[in-house]
Amino acid sequence: MFGCFEAVLSLCGRSESDNYRLRERIREGDSSIWESEDFIMGLSSTATTNEGIQLCIFDLRRGQHEGQELDKILFFFPADLSFSTQLSVIGLSEGLITFTRIFSPDAACEVIEAERHSHVFYQAEPDIWMVMVVEKNKDTEAIWRNDALQRVLKEVHSLFVMFHGSIRALLEKEPGGGVARSHLYSFVMDYLTDFLVAKKLHLPSFRDCLKERGTVQMLTVGREAAIEVQSLVRILESACPGNTACNSLVLFQDLLVSTTLSPDDTVNLFAYAVLRLTPRSLSHGTNSWSYLRKGSTASHVPTGSISDNSGSATEQSYTSHDTSPGRQGQRYHIPRPLQRDKWSKGKDGFLVTETWGAEVGSLIPATPTVWLQQTDERMYLCVFQQKYLTVILLIPVSSIINGEQGISMVKQLVLETASLNIFKVEERLSRGWGGGNAYHVSGYRYLLCDRDRNISRASPPGKVTTLTKDSLLALNKLREEVDVEKSRAKWDDPNHDKDLEICIRARNNAWVIARLTKGKELYMVLEKANETLLYASDAVEKFSNRYCNGTFSLD
Amino acid sequence: MSAKALNSQPGVALGGSGTLSHVYIQHPPLRCTIPGSKGLFYDDGNKLLLSVTSDQVFAWKTVPLTPPDAPSCDSIGEGPVLSVRYSLDAKVLGIQRSNHEIQFKNRETGEALIHRCRLESEIILGFFWIDCPTCDVVIVKTSGLDLFTYEPEVKILRLVETKKLNVCWYVYTHESRMVLLASGMQCKTFTGFQFSSGGIIRLPRFDMAMAQAEVNKKPVLAAEDVHIVTIYGRIYCLQVDRVAMLLHLYRFYRDAVIQQGSLTIYSSKIAVSVVDNVLLVHQVDAKVVILYDMFADSRAPISAPLPLLVRGLPRANASSSRSSINDALHIETNEMSDHEGSVYGEGWIFLVPDLICDFVNGFLWRIHLDLEAIAASNSEVPSILDFLQRRKLETNKAKQLCLAITRAVILERRPVLMVARAMDVLVNCFSHSMKMGGARRTVSGESTSTPTTQHGNNSRTVVDDPMSRVQTHGRSTKHEPATVSGVVSESIHYRTKDVDNESLGLTTFSTIDRSSTLLVSHSEENVNLALQNTSSGEPLQKPLSSEFHDLGTKEGIKSIDAGTSDVEAEQSSSESQLSPSSSRFDSNVSVESQVPSAAISPDEMYCSVFALIEEEMAGDPAYLVAIIVEYLRSAAVEKLKVHPNLYVLTVQLLARSDRYAELGLFVMNKILEPSKEVALQLLESGRQNLPTRKLGMDMLRRLSLHHDYVLLLVQDGYYLEALRYVRKNKVNTIRPSLFLDATISSNDLQHLAAVLRFFSDFIPGFTNTSDHETYYRILNEMNSSVAA
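So the protein lines, in turn, are chains A and B.
The UniProt record's numbering numbers the first residue of the first sequence as 1 and each following residue consecutively.
The UniProt record's numbering numbers the first residue of the second sequence as 1 and each following residue consecutively.
Treat the hints with care, since some could be wrong.
One side only, chain B facing chain A, incomplete, derived with CB under 7 Å [to be verified]:
no. : residue
1   : Val416
2   : Glu630
3   : Pro691
These are calculated hints, taken from the structure and not from any lab test.
Just so we're clear, the structure is a prediction, and the values are computed from it rather than from any experiment.
Glycine is no exception: its CB is placed at the ideal position from the N, C-alpha and C atoms.
Produce the entire structure from the sequences given, and follow the hints as far as they go.
Quick look at the structure:
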């Protein structure tokens, strides 16, 4: 087994990319970089960000002339930092990007690891960069995996594009940047409220290493149920006007059941649905009073109230900030799709929100629209909910001639033709629903990813919390290594999947295992299997045969 | 359809070309003219048409109607004949000579015995032969029923039982084994008896509904206004209410008679036929016929009233095929043209269940359904498919029609939900026929049975068989009659078991006349349930009141019960009634090698529907996928396996429209069941989409198609993975040189070395082969060239 594994490593790891080399150089330390970084951060700390987190979005094509540097900045969190601080963060990032592009024009720098901070880079659009600066302070909880942070940046950007179109397009539409800034501001701020726990932003840390952002979690259904779902999907599509191609997603609880979208679009809509549309996320907000009444100490309530506070507070500071660079005040309406508690279930079972405003001269809330990446088409977003079943129907805007009236006709048609099927599907899935811990496999703590389809499945969070910190740290480290290996292999040959197997004995004698094969990844912590490597390997084999159709048991 | 519309059709010309109709009679008819004939009689027990002359009786088999046989002939001696019937074993001829006298004549010995009424006041209304275990002959008199056994050895009729009642007139059909005795001032109070092989069942007395025209004038019900019909194994009584212009329907259960709605009639003269379980109500005055399918709860007609058509009337060239009897035909032709207006003419008598006898001309016609016309006139696709699937006479035609309709609705891109319902119908019917074991039955050996053997001594076999079956079989259901041909016994056996499971005995009866058997057993299904509870031997003692009480509400449940067993009945009866229009009510199998059911198997569904329309649907793959999904859903509900090529087609369609995400879902959820065909198609379709290709690879692996899987791995450049797989699964069908060649062509030194090393290590003696030598040399050459 290991003989082969070594062979694989030796075969695949024969060359290094420029990118990797650069990263190594930075990590190993060029003292001048360290100093300059510390200097900047020292400045920033005077601005009292107790969060220890900064997030900025900037456009390298803007503010090229001296005195116009502020124009680069499209978004900065926290917004109350002084411009000079903001500029110095962005200046460093820009400098590094420019520098590393010399070596790797296509993929400039990914991360800077400094003594007290990490800078995580993500190029969202050509020349539009997102940088997250996180503090590595004394608090030992603050251990991240760069890829996880990058995925946060990627997610917020993808969602933004889904609702508002690309940042570049907004900038081109309104070269002053006001539109882009105000959209970005409300959107990213709304997004960040989800990370707020007790006045602090909690970004994904090593404790979340058995989760994978930017993937979809699927409900496992039997063949008959799957056919019934597909039948529903076809009926939904046939309810759409004309011969236009509608799309749909079906979710049960917080899990995806069916999609007709491309994997990327699926990921985005799924992420949004889980954040704001599913029954859990709906009740999470609107019924917050019930937590109070029950006297529950759930963390949602303080979170919610703080997010509101911070939201309004920053909004004020934002508007003042917004006016300063000489932009006109925002007279247009900015939809805030990620604002909490704005969706509610209407009488007809469709979810409604007023965050998109209303059509001119009517009181009916406008139907939200989203952009699909794959087709670059604008779609109306209609969401129907039947108990735990959420059906998202996407109707091309171009196919509806008479706006809201047309939409309500489609909704009516959907109710007429499909409501019985929806009801039946919901019932069937409810019957088969194994509860939140349905995918728990006792003795295992795992994460399973299918990179081809952006699907993941993991041990339920409640079970992951039983792992010791040592195990989680070890796994976090292991994943970091695997991320590096993967990106190296990807540079070598993008079409050739890397097979990889790593078993590590952690400090607490737990086995921490990673297996990659054919674009599928399995990460696993076995705390109780503290015997031999053979034992651990058998455990993986069993798991693979039982739950992964033998995908990972190839030797 | 107003009465006016109906009546406005003037004397319908026979067989006018292009005439629209749903029902037809096929020219030429059976001609039963005998010089000196004094009258025609129909012996429905033996399905014989009898023509009586002054001292002889001629008998024509009506099953099959064509080709016409020469009639058999019996001498009966001089004397008046009021009615005549052969015994069910055809050994004895019963002739009613007067209102007081019936003569029984043994056909072999010629011996005769005369039965007379004991009382002068009694009048014999009629008689019939039955196949009860306890008696053979029933004589209906004004004072009641006398049940006799005929004992040829001692040449007497032994009186078994007498049922005393006042009888005005009676109605009996052998098909139902049921006699209805009318009594009362208006003749609307009825007592019924059923003479099943399980015994004699007395039905509760009941009144028929009669509307009153005027206060003091009460109409009297006539015998010709009451019809007993058997449809889908259920026994109904149809009663014409001339005042209300309604045809009332009563359904018989063993312990109850339930009125089940009424049909509007448009003619004061009504005749009723049943063809292939479709009820035909002839509106004689209006010269149209209305069709009803009593299977569904709906009492709406299947289609609009249309005239009865005479098909195949000899026109210019029609007679060429029948040149042998050309002369006769010419005469016929003339006759027919002479009597052009004779459809629903004066001389027409409608015989149970589907015959028309023209007494004036001595013709016998059989009524046929024109399935195409019925299908064409109805746009409600699921219901018409349902209707066609229930047809048992022309199963092949029904099936072809169903396939054509299904193709048409898909090609017309009808709404998915509607097509889905159509699919449900087809799949349910097939699944049902599978469960009944009928669909795939191969008919063999039937050639030994009836049609040929009967020819010599016509009607003998027909009569013979049932009798012997009664004897061997009548009392114990479990063993099979020795005299029946293999196929028959098989089907009987299986049905017996079936029915036994869910209802009590009574099936014994089934052996006699399949169609009626089932009728009987099913007409009693509720009874059977009750019986099982009490398990008393006496059928009629059961909680009558409660049954009655519940009937209204339990109707649904019951009809479900009935539904299943009825279908079963049809299924099995289909074996005997196999299509060719003519041969069906032959109680003895006259099976033709034809598909015994209209049910459409998944294979046929693929080959005759999806495969055929695929090309035409190329422009709209999404719609076709939706239809396939609906079909899969139907099939999955019934646990049917579909044709693997349907999955392949689905993969193609999804890939063609770039719907790879859905394709992935379909595969992962096993909506497309794994098979090598599907895997190969995934690989093929995955050329443009790597994840899809991986699905195909994965499917190959999980199907343990090691050889193909390893070849693909090598092809994709996964040499080491392939070797690991080979070692793990002990695949030894692949030559080492294949791997080695592949690695050389990849021009990768390390791969070649690794592969070479693998074979050296794991194949004993590999180092001594020429392969090793060759590739080792190549490796060294490559090595040195790299070094250089």
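Hints violated by the structure (numbers, ascending): Hints that this structure does not satisfy do not exist here, as all of them hold.
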